[in-house]
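Undergrad: Each chain is listed here by its residues.
2 protein chains.
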Amino acid sequence: MKDQSILLDHGSGGKLSNELINSILMPAFDNAILEAQEDGAIIPINQGRLAFSTDTFVVDPIFFPGGNIGDLAVHGTVNDVAMCGGVPQYLSVGLIIEEGFEISQLKIIVASMAKAAAAAGVRIVTGDTKVVPKGACDKIFINTSGFGFIPDEINLSASLAKPGDRIILSGNMADHGVTILTQRESLEFDAPIQSDSAALNTMTAAMLKAAPGIHVLRDPTRGGVGTTLCEIAKKSNIGMKIREKDLPVDQSVMGVCDLLGLDPLYVANEGKLLAIVPPEQAEAALEACKQDVHGKKARFIGEVVADHPGQVVMQTAIGGARMVDMLTGEQLPRIC
Amino acid sequence: MKDQSILLDHGSGGKLSNELINSILMPAFDNAILEAQEDGAIIPINQGRLAFSTDTFVVDPIFFPGGNIGDLAVHGTVNDVAMCGGVPQYLSVGLIIEEGFEISQLKIIVASMAKAAAAAGVRIVTGDTKVVPKGACDKIFINTSGFGFIPDEINLSASLAKPGDRIILSGNMADHGVTILTQRESLEFDAPIQSDSAALNTMTAAMLKAAPGIHVLRDPTRGGVGTTLCEIAKKSNIGMKIREKDLPVDQSVMGVCDLLGLDPLYVANEGKLLAIVPPEQAEAALEACKQDVHGKKARFIGEVVADHPGQVVMQTAIGGARMVDMLTGEQLPRIC
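Top line first, the protein sequences correspond to chains A and B. Going left to right, the first sequence walks through residues 1 to 336 as full-length UniProt numbering numbers them. Going left to right, the second sequence walks through residues 1 to 336 as full-length UniProt numbering numbers them.
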C-alpha cells in the first residue's frame, strides 16, 4: 500500500478497506485474536470465552425511516457480538457531538439507544462524550463497544465453512442502504422503504439452540451480502454457489436499485444475517430463523462447495454463471 | 436542562458536561453500573469483576510534543481501566478518518498505538474503520474501549473516600493541556514543554499491591485536578483540604499558565493520577508511586476531612483559604 491519501473507498467495507486493514492495521496491532478478523474479538478467559466488538456510526442522515443513528449504533454492536456467538450483555457509548447540535435531537437519539438496548437485553454501562467546535464533525458520531460471554458449545468463525454446508440469508437484501440513499437524494416513492436496522441476538440465540453446530454467522453490513460471502469463502478456503432467484429483495427496493444502477448484492443491511450451517442441522437452523420476527423471509440461498476455493459463483436468473467479487469502490459513503 | 444547543462547554469535563450526563444520558441509560460514574464500568461476572471503559479522542493537533492522538488513545483507556482497579488486557479501536488524510500519517499514528499497547501490556483485539467525506470530520478521531479483570481484594470507587484519608498526586499538573495549547497557538518557549501522556497501569498495580486498601484512584484528565477532586468530594460526601504549595507544577508550564491566565488546577493531565488512601497505607502507596517511572514527583497534596462535605478547600500559598469548584466553561476544546 503506497503512501497516498485516504479515499472514501478505504471505508467502503470492500477491497480497499481490506487493503487498509491488512496492510496497515493488522501488522501494527499484530496478535492472533485480532487476526481472526471476525465481527468481534473472541477472547479466552479463565471460565469460557468473551466476544468483544466495536463499531463507529457516522450515518448521514442521522434520522431515517426505520431508525436513527442511536438505535442503529446499539443494533450494530449487539449484532457483531451475536455473530461471534456471544450473548450481548454490556455496551459502552462514545459520543462525538458538533457544537451547536440541538439538544432536543440528542434526546431523541439517546432515547432510541436506551429503547434499543432494553429491547435487546443489554445494558449501557460506560460512556464518554466529546464536543468538537462547529465544523469539526458533521452533527454526531457514535461509537458503541460491547461484549458478552460465548456458550461453551458454540464455535463460530468465518474460517469454518465446509463443503456441503448450506447458506441461509435471514431476509430481504439492501433495505438499509437503499433507505439511506433515497433519504439523501430526497427521492420519494409510492411504497414506503425503510431500514431493516434491528438487533439479531434473539434470532442468533434461537438458531444456535436449534443448530449448535452452525459454522459461521455474519451480518452483511457495509459491502453487502456479496462482499460478506466473498470474505467467508476466502477465509474458509472453500467455494460457494448461490442462486440469484433465491436472493430476496423487496420489490420497491429493487426498483430503486434498478433506477440508480445499484446491485442489491452489495448494498448494506443492518438487520440481516448469513448463516453457514452443516447440512444435517440446516433445516433446524432455517426453521428457528423463520420463527423470529426479523427472520420471516429467511431462506437457503446456496451451498458451500469444494470447487473454486475462495470464490463465490452465482447462478443467474437467466441460467448463466456470474463470479461474485468483493465490492470495489464506495457505493454509499456514511451508510452506517 | 432546556432544549438548547450543544455548547463546547458540554464537552469540557466540567459543570455543563456533568449536567448533560446527569440530565440526559444517565436517565436514558438508567442502570446501577452506569450510575456509579467511575472512569469505567465495574461489572460483576461469574468469577470476579471486569472493568470496562471507553474514550474517544479528538485532540487537535493530532501530533504534539510527547505523543500523538494514537498513543494518547491507548493510554487514555488503559488508564481508565486501571483507575477502576482493573488489569487492562484487551482494547478495541474505532477510527473515523477524513477523506484525503495522508496514509503516511495514519501509519505513524497506528505504529504509536501498537507501541503504546505493547508497552502497557495490552492487546488490540478488535476494531472498526470509517472514512467520512472531506469536511465531515477534522483529520482523524479515535475511540478506544477496553477491559480487564479486577483482582478480588481491590475495591475502588469515587464514593469511598473517608475522612482521614490522604490524597496523593503522582506528579506535575497541567503538562498535557498546556502542551496542546502552546502547539495550537504556535507559542515557542526556551524550555521544552511536553505532554505527560503515559499508561499508568504499572503504577496502579504497584500501588494496589503496596496498599490494597486504596479507596479511590482517578486520572485527572479534562477538568484537571480541581474538577476531579470536586467530583470525588461530592460522590463520597466528604470534604477535602489541599495545600497550594504542595501542588506540583513545572516552572515552564506555570509560566505559560501565568501568561495565558490559566489555572493549572483545571488543566488536563494524561499521565497523572490521584489516589485517596487510608492513613495507615498512605506512606506505602506514595512510596510505590514514587518508584514508578511516571511517579517520581508524587506527593501528598492534602487530606479528606469530615468538614464541609462535598467541597474542596485549598489553603493558598499566602495563607488564605479558597474554595475549589468544578471547572465552568471550556478552557481548551479538543484537548484529548
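Keep in mind that a hint or two might mislead.
It does not matter which identical chain is meant; a pair holds if it fits inside one copy or across any two.
Said to hold, decoys possible - Straight-line Cα separation of at most 30 angstroms, DSSO-like style, residue types lysine-lysine; simulated pairs: (1) Lys15 with Lys134; (2) Lys209 with Lys134; (3) Lys115 with Lys235; (4) Lys245 with Lys115; (5) Lys134 with Lys241; (6) Lys115 with Lys15; (7) Lys134 with Lys107; (8) Lys107 with Lys234; (9) Lys107 with Lys297; (10) Lys107 with Lys15; (11) Lys234 with Lys290; (12) Lys107 with Lys290; (13) Lys209 with Lys107; (14) Lys296 with Lys134; (15) Lys162 with Lys115; (16) Lys107 with Lys235; (17) Lys134 with Lys162; (18) Lys134 with Lys290.
Keep in mind that the hints were calculated from the coordinates and are not lab data.
Undergrad: Work down the list of hints and note, for each, if the structure agrees.
TA: Against the structure, the hints come out as follows:
Only between protomers do Lys15 and Lys134 lie at most 30 angstroms apart by alpha-carbon distance; the minimum there is 21 angstroms, versus 33 angstroms within a single protomer. In the homo-oligomer, the alpha carbons of Lys209 and Lys134 never lie at most 30 angstroms apart, since the shortest distance is 49 angstroms inside one protomer and 46 angstroms across protomers. For the identical chains of this complex, Lys115 and Lys235 are inter-copy neighbours only, at 28 angstroms across copies versus 36 angstroms inside a copy, given an alpha-carbon limit of 30 angstroms. For a Cα distance limit of 30 angstroms, the shortest separation of Lys245 from Lys115 qualifies neither inside one copy, at 37 angstroms, nor across copies, at 50 angstroms.
With identical chains, the CA atoms of Lys134 and Lys241 are never at most 30 angstroms apart, being 49 angstroms at best within one copy and 39 angstroms at best between copies. For the identical chains of this complex, Lys115 and Lys15 are inter-copy neighbours only, at 27 angstroms across copies versus 35 angstroms inside a copy, given an alpha-carbon limit of 30 angstroms. Taking identical chains as interchangeable, the C-alpha atoms of Lys134 and Lys107 lie at most 30 angstroms apart whether they share a chain (19 angstroms) or sit on different chains (28 angstroms). For a Cα distance limit of 30 angstroms, the shortest separation of Lys107 from Lys234 across copies, 26 angstroms, qualifies, whereas the shortest one inside one copy, 43 angstroms, does not.
Proximity of Lys107 and Lys297 under a CA criterion of 30 angstroms is satisfied in neither setting, with 34 angstroms inside one chain copy and 44 angstroms between copies. Proximity of Lys107 and Lys15 under a CA criterion of 30 angstroms is satisfied inter-copy only: 19 angstroms between copies versus 37 angstroms inside one chain copy. Taking the closest pair of Cα atoms, Lys234 and Lys290 come within 30 angstroms of each other only inside a single copy of the chain (28 angstroms); across copies the shortest separation is 52 angstroms, beyond that limit. Neither within a single protomer nor between protomers do Lys107 and Lys290 lie at most 30 angstroms apart by alpha-carbon distance, with minima of 35 angstroms and 45 angstroms respectively.
Taking the shortest alpha-carbon separations for Lys209 and Lys107, neither the intra-copy value of 37 angstroms nor the inter-copy value of 43 angstroms comes in at or below 30 angstroms. Taking CA atoms no more than 30 angstroms apart as the test, Lys296 paired with Lys134 passes in neither setting, with 44 angstroms inside one copy and 40 angstroms between copies. When the C-alpha separation of Lys162 and Lys115 is checked against a cutoff of 30 angstroms, the pair qualifies neither within a copy, at 38 angstroms, nor between copies, at 38 angstroms. Taking the shortest alpha-carbon separations for Lys107 and Lys235, only the inter-copy value of 26 angstroms comes in at or below 30 angstroms, while the best intra-copy value is 42 angstroms.
Taking identical chains as interchangeable, the C-alpha atoms of Lys134 and Lys162 are never at most 30 angstroms apart, the minima being 51 angstroms within one chain and 42 angstroms between chains. Taking the shortest alpha-carbon separations for Lys134 and Lys290, neither the intra-copy value of 46 angstroms nor the inter-copy value of 42 angstroms comes in at or below 30 angstroms.
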